[in-house]
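There are 4 protein chains.
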Amino acid sequence: MKFGSYFLEEITPFESMLRRMDEVLEKRTTKFQELTLFRSGGFGKVLVLDKDVQSTERDEHVYHDTLVHPALLAHPNPKRVFIVGGGEGATLREALRHPTVEKVVMVDIDDELIEIAKELLPEWHQGAFDDPRSEVHAEDARAYLEQHDDTYDVIIVDLVDPVGEDSPARYLFTQEWYALLKSRLNEGGYVAMQAGMLLLTHHREHPVIHRTVREVFKHVRTYRTYIPGYFLQFGFILATDATDPLEIPAATYQQRLEERALKLKYLNAPLIAAQFVLPNDLIEAIEAETMVSTDAQPFWLDEEGNPHQTPL
Amino acid sequence: MKFGSYFLEEITPFESMLRRMDEVLEKRTTKFQELTLFRSGGFGKVLVLDKDVQSTERDEHVYHDTLVHPALLAHPNPKRVFIVGGGEGATLREALRHPTVEKVVMVDIDDELIEIAKELLPEWHQGAFDDPRSEVHAEDARAYLEQHDDTYDVIIVDLVDPVGEDSPARYLFTQEWYALLKSRLNEGGYVAMQAGMLLLTHHREHPVIHRTVREVFKHVRTYRTYIPGYFLQFGFILATDATDPLEIPAATYQQRLEERALKLKYLNAPLIAAQFVLPNDLIEAIEAETMVSTDAQPFWLDEEGNPHQTPL
Amino acid sequence: MKFGSYFLEEITPFESMLRRMDEVLEKRTTKFQELTLFRSGGFGKVLVLDKDVQSTERDEHVYHDTLVHPALLAHPNPKRVFIVGGGEGATLREALRHPTVEKVVMVDIDDELIEIAKELLPEWHQGAFDDPRSEVHAEDARAYLEQHDDTYDVIIVDLVDPVGEDSPARYLFTQEWYALLKSRLNEGGYVAMQAGMLLLTHHREHPVIHRTVREVFKHVRTYRTYIPGYFLQFGFILATDATDPLEIPAATYQQRLEERALKLKYLNAPLIAAQFVLPNDLIEAIEAETMVSTDAQPFWLDEEGNPHQTPL
Amino acid sequence: MKFGSYFLEEITPFESMLRRMDEVLEKRTTKFQELTLFRSGGFGKVLVLDKDVQSTERDEHVYHDTLVHPALLAHPNPKRVFIVGGGEGATLREALRHPTVEKVVMVDIDDELIEIAKELLPEWHQGAFDDPRSEVHAEDARAYLEQHDDTYDVIIVDLVDPVGEDSPARYLFTQEWYALLKSRLNEGGYVAMQAGMLLLTHHREHPVIHRTVREVFKHVRTYRTYIPGYFLQFGFILATDATDPLEIPAATYQQRLEERALKLKYLNAPLIAAQFVLPNDLIEAIEAETMVSTDAQPFWLDEEGNPHQTPL
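Protein chains in written order, with the UniProt record's numbering: chain A, 1 to 312; chain B, 1 to 312; chain C, 1 to 312; chain D, 1 to 312.
One chain only, chain A, in its complex shape (with noise of 0.2 Å):
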C-alpha cells in the first residue's frame, strides 16, 4: 500500500477498506449525508454517501440492472413504476428503458443530493431527470404513499440499512410499510428491493427483511449478485401476489428483452434465472429466520451486525 490518499470505509463490522483515491472530486454535506466523490484507479467515478460507497462508475450497471430489470420483466406490461430513493437517477434511467413505461415516479428525502447528482453525476442519471415521463419528489417516501393512493405496476424500492437504534429508515423495513406497499401496486404487480449484504458469517439481516416481507406477500423470492464496487454480495427481494418469480422462465425474460429492444450490460433472460437459485446455507437461513419487523417493534442492526427489535 502506497502513500498517498484513501477512503476508508467500514465494508462489515469487522472488516474495512482502505481504496485509494486519485482525485477526490467533491465533497457536500446535505441535510441528510455527506457526499464524496473521488477517482479510483480500479472503479472510475466512486459516489460515498456517508460511511458507504454506494456506486461506482465501472461497475453501477451490476447494481442497477439487478434491482431494476427482473421486476421489470417479470411484469408483461409495465406502465406505472414507483422509485423510493435512488437518488443519484440511475435506478430512474433503467426504469424508462423500458418502452411499456408511461411514469416514473420517484420519491427520495434528499433534495440536495438530488440536485447534486443532476450536476456531479451525469454518468448516473444520463439526463433521467430531463424525461418528460419522470416525476421527482423530495420528501419522505413513506409519508407520500400514505398521502397518495395512486397505484403502480412495478414498485422498486432502493434504501440504506436501519443500522443503529434510532435510524430513521427503521420504519421502511417493517411489515406496515410492506403492507402500504402492497396497497399501491396494481393487481399483478411486482416489488423489488435491495434487501442487504448477503453475509451469513456475520448477521442475519437478509433473512429477517425476507422474513418480514413473507408477511405480506404471497411470494418473495431472494435473488442475488456480487456488486464489485462494494466487494460485497447483494441480496434483492422480488415480492409479488401475481406470478411467483421462480415459475416466470428465462424464455419469457428473453421474449420481453426482445420485445422492448433492450440491450443490458450485465444481465441477460438466463442469468436472471440464475439468480433466483440459492445456495443451501442461504435457504436454511431464511427458512430458520423467526424474526418479524413491525412498527410496534421495528427492527435495527447494531455495530456488530446484529439484528435487534425495541418495544417502543
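A couple of the hints might just be wrong.
The list treats identical chains as interchangeable, and a pair is accepted whether it falls inside one copy or across any two copies.
Straight-line Cα separation of at most 25 Å, BS3-like style, residue types lysine-lysine; simulated pairs [to be verified]:
| # | residue 1 | residue 2 |
| --- | --- | --- |
| 1 | LYS118 | LYS31 |
| 2 | LYS27 | LYS45 |
| 3 | LYS79 | LYS182 |
| 4 | LYS51 | LYS2 |
| 5 | LYS27 | LYS79 |
| 6 | LYS31 | LYS2 |
| 7 | LYS27 | LYS51 |
By construction, these hints were calculated from the structure, which means they are not laboratory data.
On the provided structure of chain A, position chains B, C and D as indicated by the hints.
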C-alpha cells in the same frame, strides 16, 4: 474502526482491507511462504498465506464445494483424482467424500505447509490426510506429472496467481501445462481449476486463463461464485473433451448427489447449473481476449493487475 | 506499507498509527485493561494497555529517566519514595537505583497487571519487585493515601489521561488530589508527574493540569521530552514547596549523579536543566490557562481532545 | 477511527500514519514531485510533498524557527544568506526578518513548486517572494553553487532525505558537497541544515550526516526539536569554522534578538542554547559513527532506514 490488531491485505491493486484480529493463533514461515492464522469476529479462524487470505473456518465450504464438486459430479464415476496444490487438506477432504473415489493423489510443493496443516488446521482437513485412499507428495506438481504417467478421472488445480515477472507459478498457467494435464486425464475426464478473481473493472486475469485453456480442451466453461472470506467473486474453469458441462442438466447433478449420498453445505444441483450462467460483460470479455500464455511467453500479472507476456 | 499484521493506535483525535507487528507475544485482559505485547522492527517489544502504546523495550529509558530522576536528583537525600501507578515496574526500578533510597511504596490499582509484568516484562522491572526496599500494593492510590498518613521525600505519579466524562482517572487530576499528595510529602519533598502530551495544535491537556497543580504548590515547573515510542512530546511537572527546580543548577544534578554513582542511558545533568526550558508558545498557553480541575468539577477530555468540566 | 478520507504516510520503515483529511484542497504533480494540500482538524492546512508531510499551517513556525534563527543569531551581522531548497517560502520569510540581511538567494530545483507555493501557500511565504532582497532560482543547487562563486554569511540547507540507491539527493549529503558549501561561506559564516529524524531505535541517518560534516568543518554541533506535524524529533546541524555554537551564551542570542527586534513564536534565547544539549544515547551514537559519505561512495538509506554506501 477501533484500536487493536489488524491484518492488512491488498485485495486488489487499488483496495486494501484491514481485518480485525481477535487473536493471533500462529505465525510460521516455511521455505515457500509465510503462514498467519488468526481468529476473526466474522469468519472464525482465518488462514493467510503470504499476502492473501486463503480460507476461513466459516466460509471455506463455499470455496471447496465450488472447486471440487462440479467436476466430480460431472463425471459419472470418478475413481482417481489428482490435486495440484491444496495444502490445507480441504480439497482432499471434499474429493474423498465421493464414495466412487478410490485414490486421491495430492501434490503440493510446500511440505512444511502440509505438516503445519495437519497440526493446526483440523477444521480444514478433518482427518483427510489419514484416509487410506490419500497419497500426498511434497514436490513441484508439474515435475511430478512429467515424471509419472498415471492417469486420472478428475484433476483439480488450486494455485496462487502468477503475480510478478519472476513468479514460479507462471509455468502452471501455460498452454503446455494444460496439455500436460490433459495427457494425464482418462477418457471422459474433467479438469477443474480456480481461475482468478472476476473483477473486470480491474483486470483481465480470468479471460487470459480461459483463453489459454481453450487452446487445449474442447469444452472450456467458466463458472463462478462469491467467496465471502475473500470479499471477491472468483472464476473457476471446468475443462473437458467429454460432455460439455453446459449440456449436463441439474437433474443429473441431483441424481449423482443422491446416489453418492452427498449433502453439501453450500452447493446443490440447481446451483451448480446456475453457476455456469454468466453475465453479458464477462461473456464479452472472455470472447474478446486474445492472449495465450505459453512456456515461451508465460503470462504474469503486474501490481496493477495487468497481464503481460515476457518473451524468454 | 506491506501486507501483514498491524496495531492500530489512535494517537491523537485526528491521527492514527498503524504499527507493524513482527510477532504478537501476548494478549491478556485484566479487570481494568487489555494488554497486548508485540515485537516491532523499530522498538523491540512494545507494550500496549488498552488503546495506547505504554512503553517499548528500546526507548523506555527515555520515559523512565525523565519521569524519575529529575525529582530524585532535585532532592538532596531522598529516602522514601511513593509511586502512583507504574505497573510494569520500570519506575520502581529507576527509583531504586538511588542508593539513598530506603523504601519505595508503589500503589497500582491493577493487581493482574503487576502479576503479568512480573512474568512477561523482565526487560522493564529487571527484578525491582524483588528488591527488599520495594512495597507494592494493588489498590486505588487515592484511597490508599487517604487511609495512610506516612510521608515521603518524592512522589512520582504515572497515570493514564482522564479521557471521557466517566473516566475514573478524573479524581487523580484535581486540586484536592494534589493537596493530598502535598500532605504526604516530607519537608523539602518533590512531586514528579507525567502530565499529558504537549500538542498545542490539538488541545489544552497539559496547560489545565499545570494550572491545577499551581493551586497547591509554590513552585510548579513544566519540563518535557520527546518519547520516540509514542511519536509524541510529553509534558512532565515537578512541583514542590522547597527549592524551585529552575534554581537548581546543572552542576548540582551532576554532583548528585556522581555521589550516587548513577550512569543513565538518556539523561545527563545539563539535559535535566535544558528540559525545563520551554518554547514561547507553550509558555503563553500555560499562562493563558484558567481551568482548575476540582473534585466538584473534575476536568476530562473529549474525543477531540478538548477539556471539559462537568458540575456534579 | 471514523470512516472518511485519510492520508497514509509511512513515517518510519515500521510505522505508518493515517491522517484524517477534512478537505482535500489541492493535488498537483510537478516534474519532480507530487503535492497534496489538505485541511486537518489538528494542524490546519497540511502540505505533503510525495510521501511525506512537509509542513503544516499551525506548527510550521516550530520547524522554520529552528532551521533559520540559530544560524542567523549565531552570526553577529548576517548580510547575505543562501538557501538550498525551501520551495514553500517560509525559510526565506524567516531569513528576511533579520534587518541585517541585504540579500537572500534561494535555489530550489522545482520551479513549478515555487509557482504553486506563490499561489496556494500564502500562510507559508507571506509575501517573501516579493521582497526586493529575495532572489529565487529554479535549478540544481549544487550546479548553481559550482557555477557561481558568490559568498554568503549564512547558508541554510533544507533537503529531502537520500532514500534509495538512485536518489539524486545523495550528492547533497557528501563530504565534497559540504566542502563546496564551506567554500561559499564568508569568514565567520555558518551553515545550518536539517539533518534527518532522530530515531536511534530505527536507524543511523543523523549520525552519518553529522560524521560527514565533521570532515569539513571545525565545529559541528547537533541541535534538535520535536516537530508536532511530523510526530518526530528532528536533528539539525550548525557547522562553522568561526565561533563554536556551544560557546555562544544564551545572553548573546538574547541581545541579538533584541537588537533585531525579533519576536519569535517558538524559539527564545534560552531555548536555542537548550536545543544543543543532547542526551547520552545520542552523544554516544554520534561518537560511534564511522561512515563518511563521499561523491565516490555516497550514502543512501534503504527502506528499513539502514545507511549504505555503494561504490561507483
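Comparing the hints with the structure gives:
| no. | hint | in the structure |
| --- | --- | --- |
| 1 | LYS118 <-> LYS31 | within (17 Å within a copy, 36 Å between copies) |
| 2 | LYS27 <-> LYS45 | both (13 Å within a copy, 17 Å between copies) |
| 3 | LYS79 <-> LYS182 | within (17 Å within a copy, 54 Å between copies) |
| 4 | LYS51 <-> LYS2 | both (23 Å within a copy, 8 Å between copies) |
| 5 | LYS27 <-> LYS79 | neither (37 Å within a copy, 48 Å between copies) |
| 6 | LYS31 <-> LYS2 | between (35 Å within a copy, 20 Å between copies) |
| 7 | LYS27 <-> LYS51 | both (13 Å within a copy, 23 Å between copies) |
Figure legend: structure checked against the earlier numbered hints; the only hint not met is number 5.
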